[in-house]
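Peer 1: For reference, the chains in residue letters:
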Amino acid sequence: MISQSDNVVKLNSINRRMFILGAAKIVILGGIVSRLFFLQVKENKKYLTLSDKNRIREWKLPPVRGDFQDYFGNTIAGNFESYQLHIIPEQVENFRYVITRIKDILDLSDRRFKRIIKKQKEIKSWETLIVSDNLSWEKFSKINNQLYDLNGVKPIVSISRNYPYKENYTHVLGYVSQANEKDILSNDTIKDKFVQGLKVGKTGLEKTFENKLIGDNSIERYEVNAYGRRISQLAFKDGDKGKTIKLTIDTEVQKFTNQLLADKAGSICVMDIFTGQVVAMHSSPSFDPNAFVFGISQDNWQLIRNNPMKPLVNKTLTGNYSPGSTIKPIVALSALENKIVSTNFTVKCEGKKDMYGQTYHCWKKEGHGFVSLKEAMKQSCDSYFYEVARRLGVDRLSVTAKKFGLGEKVFNNLFENEKKGLIPSTAWKKNVLGRNWLLGETIITGIGQGYIQTTPIQLCLMTAQIANGGFKIYPKIVLDNGDEDNKKDKFEPLFKDPKNIKIIQEAMFSSTNEIRGTSYRSRIKDPKYQFAGKTGTAQVKRITKLDRELDLKTFEIPYEERDHALYIAYGPYKHPRYAVSILVEHGGSGSSVAAPMAKKLFKKIIDRHEIRNNFNNKRYLDI
Amino acid sequence: MYLHNRIKNNNNFFQKIKDLDFILLFCILLLGIISLATMYSTDGGQLLFHTKSHFSKFVVFTILMLVISFMNIKIWFSISYLAYAVVVGMLIWTINFGVMASGSQRWIDLYFINIQPSELMKIFIILCLAKYFHRKRLENVNSFYSVIISLIIIFLPMSLVIIQPDLGTSLLISISGILVLWFAGLNHKYFFYSFLMSILSLPFIISFLKPYQKLRVLTFLNPDRDPLGAGYQIIQSKIAVGSGGLFGKGFLKGTQSYLEFLPEKHTDFIFTLFSEEFGFFGSVLLLIIYAVIIYRIIVIGSVSRSYFSKLFCYSFGASIFVYIVINMSMVLGMLPIVGSPLPIMSYGGSSMLATMIGLGIVMSAKVHSQQAIA
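Chains as they are written, first to last, in my numbering: chain L, 1 to 623; chain H, 624 to 997.
Next comes chain H alone, as it looks inside the complex (with noise of 0.2 Å):
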């Protein structure tokens, strides 16, 4: 029905395009061709697998985001249950049928494309709750009902990732479900006495940690106890980063990259080698890059009608930051290790799709801007 519309209807289709929010969109651009780039270089300076999947990955998702754009945001409000249901389904597959690797079952086999549910589940998750929260009245957020229920719908995907065992999504799919419960209005008691509680309860969830997130905690409490085992990876990091300096090592001269001292240097590490190679202005660039996304996304929240783009908004907008703080604070040394990719410049098909549906329903969110939900 809906290309039907579209095809008919020429000038509503050219009018959408004008609504496109083009900062947002040269600022994705600007991010893919950086991590372009910086793929191209982990890539020891030659268009290798890494860089060629990248770059299909990247316009192939970019497509799929202009494409969700078109789309009302009507439709997406409508099947936010069923994506959720869906995503959790095949977090239940996973569980069941998924594929191994590194000691941990993440990924569906679709085939033609290994799938991580988990990374879907953390836009999904928000839109879930975007869409209960939707038609809650301010007084009914806080009832012992909705509560209950946003609860459930955090704590289910969240314990089905956890036994994977994937802690660190599992921790970030929470924390956007936080986020949501935080805009739609859940008093600020529950968030103090909730952070209060998981302050006490820390001992006991560190004695509950598998071995290997032990050591990684007393890890990052101080690198230097095992520097060539648990601490390695961190300590390289810090140096990479380190020797970059203001203006950096230049354009495929990260020598701890290149000389191969630097771990996961495609994935959760990929800002190390940008940082070493640009320096603290290639670094501050790239985080203006991603605070002009986050600006712009909270723009197009502010002036949606609706309340569930706004939430959605808000909060994925919110998301992204978070995403983005825990992998530079990992990579920097400022918090213990934990698997967490950083948007769009890492290396992961699953977790760029994520980040480009989201960005689509954010756009689509700005196309729709004056679309009211029901």
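Pulled out of the complex, with its shape left as it was, chain L reads as follows (with noise of 0.2 Å):
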């Protein structure tokens, strides 16, 4: 039995250790206590910016791209609202019977229906599934006649690029189109602005420019839960538009080019002599570059990457061609320029001439006989030109031809994958082909052919150049872009005596305007629209003799071999005002082909000339 002395002990015993435990207790309270205290109020801000960022999420919209406007201020890239269809699949009952709805309203390929399933079975049931971006008013009128049927299916009109002049700027803008990985890994701001369906431009200024059209994404904030899923909407951020970027192009010019082009492969660009500005620069054939903002189908793709033509080669700025005859204004200049001739020199041009051991063929068989500068130029002969450029050396040629803006991009790097062409010289060859220089080649690159490469913006750029009296200019096809304006070197003379360059200017006149030059029968008599020019044929292969006894005819000979046609000219030519540069790949000789061109486009351009003068003025009158 437990006696009443160990009953009090054990009491004792109890007690004690009951007191011990309760001071642990308030110990141990007091720490739960600071615990939430140092939580909820001491790190209280910290944990509701967290406890926000759980449940708000933002949700970014795809931005408005800006607008690219010609001179005249008409919208050649814009937007139009495309109409599309949204389905998120939870609000969707059946989601199988929808969906098999759709595709026999819509009238989906078997391959389009695969894709949207595939797509429905990766993205969550609450996300929204894109059946069709881009409907037709009347497919979106059906559907939205058959909602009633159609639960969790949204019609939606959203805003897309498009382009209202279809091909005719297709190879200025480039085009746009979904923004892929490689968009999104080159570009920081397209990182930063990416939604699903976010179309980016793909080449041309569309490209160049992306961070300027971009603009910014209108932002919704919802709440969410923590499975991601919209609670609700807190907040709604209107993002702005694009900016929009003006060009120097006119429309109805451009729009001409791209008539005279039709159904050849060529380029045309035409140039303001004191400013630079570009009033057009077309490449033929072109496409349709709305054919790519909702994803071009692969027929399409493939129709247009194998034409022969080359549509998708921009050859303004990336074609590299041989000069041809074009570049003998250049080689004239420098032989004057470096007193090598006068305008006394002649040559006997007698068909053909044995220069260390080649023969050299002028274009002329029979041969033109006793030829002055003048002469030469006017009815283009070789022969004189084989001697000039021997006398004259590659070397001071290329010093001349560098000036003048060949062998240099012309736009810098305004537009991605413009080619510099290429001016050779003893130097170039010694250092990129490891041989030396032969006479021979200097012969031949004395008549623009051989290594010498030029694009037809060099082209346009050069006879500008020449057209101006010989100052620098620098051309622009943005307008207001700053930094064209701001160069030091602009205007600056590029001759060493301006007597030369009006030699010049009138031998490209007499080529034109008098009896025997080579695009005679191109002229206008109308000073107001009269110009100056020199046409080339630029070889594509060797003419062997097999070739000179055929003579065949330009349409007897295979398309790839046929000769390129260029012509080059300023006009009008008292008052010299814009340069041109045609080439048509593979269209034969340069004055029965680009020459005719040049007559037809000049009208066009002065005639536009006024316009685009008066509306300059009158923009200085709203002021």
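Think of the hints as simulated: they come from the structure by calculation, not from any bench. Check each hint, because a few of them may be wrong.
Okay, the calculated bits of chain L under chain H, using three or more residues with CB under 8 Å as the criterion [unchecked claim]: (1) 10-20; (2) 37-45; (3) 226-234.
Below, simulated DSBU-like cross-link-like pairs (lysine-lysine); rule was C-alpha separation at most 30 Å, straight line [said to hold, decoys possible]: (4) H:K680 <-> L:K45; (5) H:K812 <-> L:K45; (6) L:K430 <-> L:K502; (7) H:K812 <-> L:K53; (8) H:K837 <-> L:K46; (9) L:K46 <-> H:K872; (10) L:K241 <-> L:K403; (11) H:K812 <-> L:K25; (12) H:K861 <-> L:K25; (13) L:K114 <-> L:K202; (14) H:K876 <-> L:K124; (15) L:K46 <-> H:K861; (16) L:K118 <-> L:K182; (17) L:K496 <-> L:K207; (18) H:K812 <-> L:K124; (19) L:K603 <-> L:K264; (20) L:K374 <-> L:K603; (21) H:K759 <-> L:K60; (22) H:K872 <-> L:K42; (23) H:K861 <-> L:K42; (24) L:K237 <-> H:K812; (25) L:K25 <-> H:K759; (26) H:K812 <-> L:K46; (27) L:K25 <-> H:K675; (28) L:K339 <-> L:K310.
All residues carry an ideal CB built from backbone N, CA and C; glycine is no exception.
Assembly of the complex is requested from the two constituent chains, each provided in isolation within its own frame, with the hints serving as guidance.
Peer 2: Written as structure tokens, this is what we have:
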């Protein structure tokens, strides 16, 4: 039995221990309260932010892309309202049924249908499934009529890129298409503004000015739960549209160049010889960039890609061509500048000449007889220029050519794929090819064959700088881009003696406007439109003895082996304002194919010039 | 016999009602209301399953508690060993025929209710040890024999729970048992040495832990090592509590919980939700209610004549305190995550049943405080 005293001892013990533990409890409770205080009062801000970060999520909407405008403010790349069809799968009771109904209504192909089904399985049930991103109005209204039967289907009016002038501006503007991984990785702005379905510039100015054009995302702020489901919308912030970019191009002229080059492969560019503004720049054939906005179909893509006329190549900027006889003004100028020849210097052309164990032919088999500089330019006598080039040497020629803009990019980095062309020199050959320069190569360089390569835009710039009296200009295609106007050496003279430029100008005039001139047939008598030019016919392949004997007409030669037809010109002759370069790939001779185009083109350009001038003046009056 | 007595002696019955500890009762009811409101919030502000179920359990178990209060404490004394044996039997039954849920076998299917014997063991181990030490002379408490017996009483259910597996509950059971040993007067040095031992063997024990348990320990040490995986619960819980601030986000406005960022918000993490919605003041108020309950339990223990009642009340009060502390420390990121419910607040029938039985016995000790137990 437990004794009384033992009980007392036991009770003392238990009460003592009770107090020890009670004290410990109070300490521990204090610990918990202080922890609560630390989390809820001291660190409250931090955890409140974390909690908001948890529950608030922002959705970016595709930004509205900025427009492109031509010189007169016409929109040449804008946006239009496209009709789209979205489905939110979780709001659909019977997805199979609905999607099959839609397939019937929209007449979707099986491939497209399968892709939609696949996409539906990839996304979360409350995310938007884009069934179609560009519906015709008919189909859109058809869907709207059937909506009572299609729960969870949402017809949406969205904003997409539109090129109203279709193929006319493709090579200048490029096109937009769905942003891919490469676009996102190479451009931080795209990465920053990326949303599902964002379209970005893939080529041309659309790509160059991506960061200016792209605009700001509109932002929708939602409260979401732990699984990312939207619970309620908290805020909406409207994004800004991208910047509008004005070009120097005149749509009327641009369209006209397209008509001139219809069914031909080639390029036309028109440039203001004082301001350097590009009035038209076209490469043919072109394609409709609207087809790329919603993803081009495989068949159409193959059609464009495999076209032998190469619509994807911007021939104006990326086509390296032998300039042919269009280089002759520079060769003559270089010879005059270096005092190799004078206007009195003559060469006897006998149709062909043997030099250094090679026979060099003039295009005229019977020869031109004795020709001076002016006569040689007029009739494009090759023998004269063989001799001049031989005396001049390739290095001095290349100095002059480079001065006038050949062998350098015309637009700097404006177009990512612009080519530099090639102006050969002895040092170049030694460094690049590792072989010594041969004199024979100098001789053919004198008529624009051999290593020498130029792009049509370079030829246009060269012509413009001869036309304006030999002063340096910076071509521009984007109005108010700033940096061209601030160049220090703008309007610096490129000549040693202004008389030399005058001689070349007169020679070019005679080539077009005097009898026996190569483009005499394309002349315009009216001084308002009168222009001066130089034809060029660039050989694509070496002319063999057999070819000379056969003397085939252009249409008898296979397309790939036909000569390129070139023509450079400026006008009006009395008060020059515009320079033009025309290239027709495999077109035949410059005088029969390219020069007649210039005749039509100059009428258009000069007519448009007044409107352009008036537009300018009116702008000043407005202020 | 007991029922017969009660009906016969009306005077005695009303006397018993008078003798109830009304402060304790008030606190329990208040806690019940708070827990119901919180449960209502976990259901997203609707009267759904959890709220209804919790309500009915609370009503039934409160009535059960009152019934127990009127039972003579002697009865509990006499059936202590039996109750312990029954629950041990249930634990063995659980191992063989228990209901599997989320990877462990913790429940017995009683057809109308699933019961978790390990929760009941938290109470009955106190009862059993209290009876064992009731008769022991103080000098005998530290005898080799009684230490071994009491350790067996603790280790038997503990090991049965560990193999379910349920580390958290088995730890709580052993802590309850150890608390009784402490109050019974076991020499301090035992506690000191075993504490030292467990510290030294900690790395050894950790190597025996299951991978998910190791992960919990690692996560506790650095929750940011896997914020979307193992660390998710604790990070989200801290965010919820911390974002509550001084006055909370308001009833039914806890964004962390109703946007479903909080895991286990009905059970182990109920305090997180409460704390998010009612802030620091609400949390301290809840702690005060718990403190008052524990304080009343201790007071009842101190006024009880019998050593058994005293031992039980003190140990039970301390156990409740330990449950609360462990649950809150876990929720506040001060301890690794172990499954331990917050008494009465958490959803879960067995836990509430055990707590209410314990409170009933305490209440009975108050009503029968002058009852001597031979």
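Peer 1: Measure nothing beyond the straight line between the CA atoms of K46 (chain L) and K861 (chain H); if it is 30 Å or shorter, mark the hint as holding.
Peer 2: Since the Cα atoms of K46 (chain L) and K861 (chain H) sit roughly 11 Å apart, the hinted pair holds (cutoff 30 Å).
Peer 1: Sort out whether K207 (chain L) lies within 30 Å of K496 (chain L), counting only the CA atoms.
Peer 2: violated (40 Å)
Peer 1: Do the alpha carbons of K46 (chain L) and K872 (chain H) lie within 30 Å of each other, as the hint requires?
Peer 2: At roughly 15 Å apart (the allowed maximum being 30 Å), K872 (chain H) and K46 (chain L) satisfy the hint.
Peer 1: With the threshold set at 30 Å, check whether the alpha-carbon distance from K861 (chain H) to K42 (chain L) stays at or below it.
Peer 2: Holds: K861 (chain H) and K42 (chain L) sit about 13 Å apart, inside 30 Å.
Peer 1: With the threshold set at 30 Å, check whether the alpha-carbon distance from K118 (chain L) to K182 (chain L) stays at or below it.
Peer 2: Holds, at roughly 23 Å.
Peer 1: Regarding the pair K603 (chain L) and K264 (chain L), is the alpha-carbon distance no greater than 30 Å?
Peer 2: holds (21 Å)
Peer 1: Verify the proposed pairing of K812 (chain H) with K25 (chain L), using a straight-line Cα cut of 30 Å.
Peer 2: holds (21 Å)
Peer 1: For K114 (chain L) and K202 (chain L), compute the direct alpha-carbon distance and say whether it is at most 30 Å.
Peer 2: holds (28 Å)
Peer 1: Within 30 Å, alpha carbon to alpha carbon, are K25 (chain L) and K675 (chain H)?
Peer 2: violated (34 Å)
Peer 1: Verify this for me: three or more residues of the segment 226-234 of chain L with a beta carbon less than 8 Å from a beta carbon of chain H.
Peer 2: Contact hint for the segment 226-234 of chain L vs chain H: holds, 3 residues under 8 Å.
Peer 1: For the pair supplied as a hint, K812 (chain H) and K46 (chain L), confirm whether the alpha-carbon distance does not exceed 30 Å.
Peer 2: Distance ~45 Å between K812 (chain H) and K46 (chain L) Cα, so the pair is violated.
Peer 1: Quick one, are K812 (chain H) and K124 (chain L) close enough, alpha carbons at most 30 Å?
Peer 2: violated (61 Å)
When held up to the earlier numbered hints, the structure conflicts with 4, 5, 6, 7, 10, 17, 18, 21, 24, 26, 27, 28 and fits the remainder.
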